[in-house]
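Undergrad: Note that the protein sequences, when read in sequence, are chains A and B.
When we follow my numbering, the leftmost residue of the first sequence carries the number 17, and every step to the right adds one.
When we follow my numbering, the leftmost residue of the second sequence carries the number 17, and every step to the right adds one.
Treat the hints as calculated values from the structure; they're not laboratory data.
Accuracy of the hints is not assured; some may be wrong.
It does not matter which identical chain is used: a pair holds within one copy or between any two.
Pairs of lysine to any residue, SDA-like flavour, derived with a Cα cap of 20 angstroms [unchecked claim]:
id, residue 1, residue 2
1, K270, L362
2, K228, P321
3, K315, E246
4, K84, E349
5, K270, W311
6, K75, E190
7, K123, P191
8, K123, E93
9, K123, N95
10, K208, D224
11, K208, N83
12, K120, N95
13, K315, D173
14, K270, E313
15, K315, A271
16, K270, G316
17, K270, K305
18, K305, A79
19, K235, N343
20, K120, E93
21, K75, H48
22, K123, R92
23, K120, T231
There are 2 protein chains.
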Amino acid sequence: MKENLKRISEDQLFNFINTALITIGLPQDNAHIVAKLMTQADLIGSDAHGVFRLPQYTKRLLAGGINKTPNIRIEREKNSMAVLNGDNAMGHLVMEHAANLAVKKAKENGVAWVGANSSNHAGPASLYARIPLEHNMIGIYVAVGSGNHVPPWGGTDLLLSTNPIAISVPSWNEPPIVLDMATTVAAYGKVKEKLQRNEEMPVGWMIDGEGKPLTDPKKSSEGYLLPIGEAKGYGLALMFGILAGTLNGASFGKAVVDFNADASSFTNTGHFIIAVDIASFTEVEGFKKNIDQVWTEMKGSKLMPGFNEIRLPGERSHQIYLDRTKNGIPIHENLKNVLDALSEQLNINKIY
Amino acid sequence: MKENLKRISEDQLFNFINTALITIGLPQDNAHIVAKLMTQADLIGSDAHGVFRLPQYTKRLLAGGINKTPNIRIEREKNSMAVLNGDNAMGHLVMEHAANLAVKKAKENGVAWVGANSSNHAGPASLYARIPLEHNMIGIYVAVGSGNHVPPWGGTDLLLSTNPIAISVPSWNEPPIVLDMATTVAAYGKVKEKLQRNEEMPVGWMIDGEGKPLTDPKKSSEGYLLPIGEAKGYGLALMFGILAGTLNGASFGKAVVDFNADASSFTNTGHFIIAVDIASFTEVEGFKKNIDQVWTEMKGSKLMPGFNEIRLPGERSHQIYLDRTKNGIPIHENLKNVLDALSEQLNINKIY
Numbered sequence: 017m018k019e020n021l022k023r024i025s026e027d028q029l030f031n032f033i034n035t036a037l038i039t040i041g042l043p044q045d046n047a048h049i050v051a052k053l054m055t056q057a058d059l060i061g062s063d064a065h066g067v068f069r070l071p072q073y074t075k076r077l078l079a080g081g082i083n084k085t086p087n088i089r090i091e092r093e094k095n096s097m098a099v100l101n102g103d104n105a106m107g108h109l110v111m112e113h114a115a116n117l118a119v120k121k122a123k124e125n126g127v128a129w130v131g132a133n134s135s136n137h138a139g140p141a142s143l144y145a146r147i148p149l150e151h152n153m154i155g156i157y158v159a160v161g162s163g164n165h166v167p168p169w170g171g172t173d174l175l176l177s178t179n180p181i182a183i184s185v186p187s188w189n190e191p192p193i194v195l196d197m198a199t200t201v202a203a204y205g206k207v208k209e210k211l212q213r214n215e216e217m218p219v220g221w222m223i224d225g226e227g228k229p230l231t232d233p234k235k236s237s238e239g240y241l242l243p244i245g246e247a248k249g250y251g252l253a254l255m256f257g258i259l260a261g262t263l264n265g266a267s268f269g270k271a272v273v274d275f276n277a278d279a280s281s282f283t284n285t286g287h288f289i290i291a292v293d294i295a296s297f298t299e300v301e302g303f304k305k306n307i308d309q310v311w312t313e314m315k316g317s318k319l320m321p322g323f324n325e326i327r328l329p330g331e332r333s334h335q336i337y338l339d340r341t342k343n344g345i346p347i348h349e350n351l352k353n354v355l356d357a358l359s360e361q362l363n364i365n366k367i368y
Numbered sequence: 017m018k019e020n021l022k023r024i025s026e027d028q029l030f031n032f033i034n035t036a037l038i039t040i041g042l043p044q045d046n047a048h049i050v051a052k053l054m055t056q057a058d059l060i061g062s063d064a065h066g067v068f069r070l071p072q073y074t075k076r077l078l079a080g081g082i083n084k085t086p087n088i089r090i091e092r093e094k095n096s097m098a099v100l101n102g103d104n105a106m107g108h109l110v111m112e113h114a115a116n117l118a119v120k121k122a123k124e125n126g127v128a129w130v131g132a133n134s135s136n137h138a139g140p141a142s143l144y145a146r147i148p149l150e151h152n153m154i155g156i157y158v159a160v161g162s163g164n165h166v167p168p169w170g171g172t173d174l175l176l177s178t179n180p181i182a183i184s185v186p187s188w189n190e191p192p193i194v195l196d197m198a199t200t201v202a203a204y205g206k207v208k209e210k211l212q213r214n215e216e217m218p219v220g221w222m223i224d225g226e227g228k229p230l231t232d233p234k235k236s237s238e239g240y241l242l243p244i245g246e247a248k249g250y251g252l253a254l255m256f257g258i259l260a261g262t263l264n265g266a267s268f269g270k271a272v273v274d275f276n277a278d279a280s281s282f283t284n285t286g287h288f289i290i291a292v293d294i295a296s297f298t299e300v301e302g303f304k305k306n307i308d309q310v311w312t313e314m315k316g317s318k319l320m321p322g323f324n325e326i327r328l329p330g331e332r333s334h335q336i337y338l339d340r341t342k343n344g345i346p347i348h349e350n351l352k353n354v355l356d357a358l359s360e361q362l363n364i365n366k367i368y
């Protein structure tokens with residue numbers, strides 16, 4: 017992050033993505049929602065999940081791997097749950113729809129859980145977990161990752177993805193606490209970012225078929241992402257896969273399509289979101305002030321030798337957001353080259 | 017596990033616990049529920065959470081730290097949620113009540129989330145996550161642990177507990193998949209078990225104030241349990257603490273009472289359970305057969321060098337259950353000595 021990277025404004029980034037998506041053939045309202053969420057991903061520092069993914073999404077949209085004009089619909093519904101059929105839409109559209117529906121149902125019933133099948137990669141998990149925040153709700157989001165990079169613990173067959181979870185909790189004066197984590201030590205997007213930047217991976221991210229450390233991102237397809245806590249991370253990835261995939265009639269296990277290797281197959285990606293209405297549980301202002309108190313307690317802890325601060329989940333992301341909304345979004349030069357090629361392909365203006 | 021330990025039958029164990037609890041002063045129906053759940057904990061191999069805990073529970077019940085004659089009641093309620101006031105009851109009573117209420121609400125509304133405050137330690141997380149299984153539901157249980165052994169990542173103040181999660185999913189012919197894990201590499205109960213057995217802890221369970229490995233369980237009060245995936249496990253413990261504690265009006269952070277060090281203070285322990293009605297999402301038999309397929313896929317993976325099998329979460333526990341229901345429950349001789357002292361104290365028959 018020491019590099020002096022060129023920065024572009026939020027509007028510049030939004031317009032570039034929006035124009036690309038409309039040129040590809042998305043309806044204007046859909047393009048707007050996706051471009052807004054992808055820009056948001058870059059603003060909050062999810063560099064591997066914002067405009068970085070546009071070339072890949074473009075490839076899939078043009079190859080027919082993603083439906084440009086979907087009809088997202090409710091397949092099953094009760095008071096506190098629903099299953100959406102995403103009609104193979106961009107995952108952003110499906111999960112924004114799901115999050116809004118969950119908020120509506122939670123307002124009436126206290127808690128709601130909305131799952132989806134027939135969806136696609138939707139960017140960073142925290143984007144959707146954050147949607148309930150402005151309604152004084154807690155958000156919980158879980159997804160089946162879009163490609164298997166993890167074997168069951170003790171095995172070598174790639175049967176699991178990094179299946180991430182995000183949880184967001186609103187506070188009073190402090191930023192919300194927002195956890196967004198893969199169930200592996202590193203998310204696969206981080207590996208892809210290292211590859212694009214020609215950087216080595218740290219030991220502990222991946223192992224090879226012998227169980228030895230793998231640090232060259234060019235060899236990532238020969239290796240395995242390590243789950244957090246060994247068998248525990250495997251257990252979480254497995255359970256999240258069942259809840260976000262199998263339960264919704266979406267892909268899990270062998271059925272997961274690697275969207276890095278294949279641009280046209282139907283992925284049937286699954287996710288779910290839970291909205292928890294704080295007012296149903298307790299008094300909202302008091303709760304939010306208690307979350308401020310959590311900030312104070314954690315940050316006030318004495319430090320372990322070798323550390324100079326304690327961070328809350330989402331704190332770094334919030335600092336990046338403040339910086340980028342003010343000073344613009346940095347674009348790595350390798351990413352710029354890829355986006356320039358995309359501009360030529362689509363015959364649209366370059367990002368800058 | 018190579019030791020030739022004395023084994024006792026399920027009935028013998030149940031009767032011992034039941035008699036102890038009635039002698040202490042629990043109403044017969046309450047004693048029965050707690051004894052049944054504690055026996056179940058030993059049957060499924062949660063050795064640190066079954067009869068092992070009886071002396072500690074006894075101490076708290078006799079010192080007034082737990083209410084022997086509680087009135088567990090609904091504090092808040094909507095279609096898909098409730099908050100129970102546990103009236104400082106044994107946690108087993110509160111969470112059995114919560115799980116049954118969640119099942120009832122999920123049957124009507126699809127999904128239900130029931131939290132509790134004013135509760136206590138309830139034994140292994142999986143006990144409650146398993147309750148929805150027989151109703152063709154998925155169970156998810158989260159608790160604030162009964163004592164802080166974890167600092168925020170980078171700190172040394174003990175502000176977090178091992179805050180565990182359990183998730184259970186029913187299958188067709190195979191055993192259910194049941195994940196039950198602390199958000200630390202080792203649960204604190206495992207440390208207590210090592211202490212009672214005079215065994216060293218493996219490197220990686222705990223660190224000391226300098227960040228160096230701590231392996232002597234007698235020194236555990238000077239050290240810190242390590243979260244899984246470093247900052248990620250810290251993030252999970254934090255979020256689970258907010259969801260199971262703060263949201264329910266229960267203790268979290270500095271407010272958590274260490275029930276190992278203090279027998280009489282009100283702990284205000286919080287937990288929650290989610291019941292997910294499979295039939296609301298999909299066809300039950302097909303779903304369960306898909307979970308059998310998950311077993312087949314995972315266990316069919318090629319093996320990493322150094323491993324001789326792949327296990328599903330809950331598989332070992334299921335094998336232990338089959339063994340112990342048939343051959344009895346092993347009682348470590350140090351545990352026997354502690355239970356004999358308890359028998360003398362309560363003037364009841366020894367366990368054997």
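Undergrad: Within a copy, between copies, both or neither: which one fits K270 and E313 at a CA-CA cutoff of 20 angstroms?
TA: Close across copies (8 angstroms), not inside one copy (44 angstroms); limit 20 angstroms.
Undergrad: Cα distance capped at 20 angstroms. Does K120 pair with E93 within a copy, between copies, both, or neither?
TA: both (13 angstroms within a copy, 17 angstroms between copies)
Undergrad: Give the relationship of K235 and N343 under a CA distance limit of 20 angstroms: within one copy only, between copies only, both, or neither.
TA: For K235 and N343, the Cα distance exceeds 20 angstroms both inside one copy (36 angstroms) and across copies (50 angstroms).
Undergrad: Is the C-alpha distance from K123 to E93 at most 20 angstroms within one copy, between copies, in both cases, or in neither?
TA: The answer is both: 16 angstroms in one copy and 13 angstroms across copies each meet 20 angstroms.
Undergrad: At 20 angstroms max between alpha carbons, let me know whether K305 reaches A79 within a copy, between copies, both or neither.
TA: Neither: 50 angstroms inside a chain and 34 angstroms across chains, both beyond 20 angstroms.
Undergrad: Regarding K75 and H48, is the shortest C-alpha distance of 20 angstroms or less found within a copy, between copies, in both, or in neither?
TA: Classified as within; 19 angstroms inside a copy, 62 angstroms across copies.
Undergrad: When Cα atoms must be at most 20 angstroms apart, do K270 and W311 count as within-copy, between-copy, both, or neither?
TA: Close across copies (12 angstroms), not inside one copy (42 angstroms); limit 20 angstroms.
Undergrad: Can you tell me if K315 and E246 fall within 20 angstroms by alpha carbon in one copy, between copies, both or neither?
TA: between (28 angstroms within a copy, 17 angstroms between copies)
Undergrad: With identical chains treated as interchangeable, where does the CA-CA distance between K120 and N95 reach 20 angstroms or less: within a copy, between copies, both, or neither?
TA: Both ways: K120 and N95 sit 10 angstroms apart in one copy and 14 angstroms across, limit 20 angstroms.
Undergrad: Classify it for me, K120 with T231: is the Cα-Cα distance of at most 20 angstroms met within a copy, between copies, both or neither?
TA: neither (45 angstroms within a copy, 51 angstroms between copies)
Undergrad: Under a CA distance limit of 20 angstroms, which applies to K208 and N83: within one copy, between copies, both, or neither?
TA: For K208 and N83, neither the intra-copy (25 angstroms) nor the inter-copy (56 angstroms) Cα distance is at most 20 angstroms.
Undergrad: Within, between, both or neither: how does the pair K315, D173 come out at a Cα-Cα threshold of 20 angstroms?
TA: Cα proximity of K315 and D173: across copies only (10 angstroms, versus 41 angstroms in one copy).
In this structure, the hints that do not hold are numbers 1, 4, 6, 7, 11, 18, 19 and 23, in rising order.
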